[in-house]
Amino acid sequence: SLGVCPELVYKLRKSLDNEGFNWVKIVVSGGFNAEKVRRFVELDVPFDAVGVGSYFFRRRIDFTADVVMVNGKPVSKVGRFYNPNPKLSEVNFN
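Each step along the sequence shown adds one to the number in this note's numbering, with nothing skipped, and position 70 is 72.
Hints were generated in silico from the structure; no laboratory data involved.
For glycine and all other residues, C-beta sits at the position ideal for the given N, C-alpha and C.
Some clues are possibly wrong.
[Said to hold, decoys possible] Taking lysine to any residue and the SDA-like style, the derived pairs with C-alpha atoms no more than 20 Å apart in a straight line are:
1) Lys38 x Val54
2) Lys13 x Lys27
3) Lys13 x Gly32
[Claimed, not checked] Listed next, with one range per pair, are the computed distances between beta-carbon atoms:
4) Val70 x Lys16: 24 to 34 Å
5) Thr66 x Glu9: 19 to 29 Å
6) Lys79 x Leu45: 23 to 33 Å
Let's have the full structure, built from the sequences with the hints guiding it.
Next comes the structure, spelled out in structure tokens:
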């Protein structure tokens, strides 16, 4: 399945702990609803918070607003790319 799965979170927690980052909190998000949260809890997945995003909206309008470029340099996570949009323009707040 795509998205966050228990195995990835177990591996992340183990890797963080092995490197001395046991204080780092884990937030899981992506496709979470009550059933998926329940499953993670039942499997004792080591997470500290859940991002549920669009699950609570009446309409299922799902979108992300990912940062993909900063000062002309790509900074996105895997699978996200800069997509120019001629309808957007820079806003100056000065």
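Now the hints, each set against the structure:
1. Restraint check for Lys38 and Val54: satisfied, since their Cα atoms lie roughly 10 Å apart, inside the 20 Å limit.
2. Only pairs whose Cα atoms come within 20 Å are accepted, and Lys13 paired with Lys27 is accepted, the gap being roughly 14 Å.
3. The suggested pairing of Lys13 with Gly32 holds, with an alpha-carbon distance near 18 Å, which does not exceed 20 Å.
4. Between Val70 and Lys16 the CB atoms are about 30 Å apart, so this pair conforms to the stated range of 24 to 34 Å.
5. Between Thr66 and Glu9, the C-beta spacing of about 23 Å keeps the proposed range 19 to 29 Å intact.
6. Checked against the hint of 23 to 33 Å, the C-beta distance between Lys79 and Leu45 comes to roughly 25 Å, which is consistent with it.
Every hint from the earlier list agrees with this structure, and none is contradicted.
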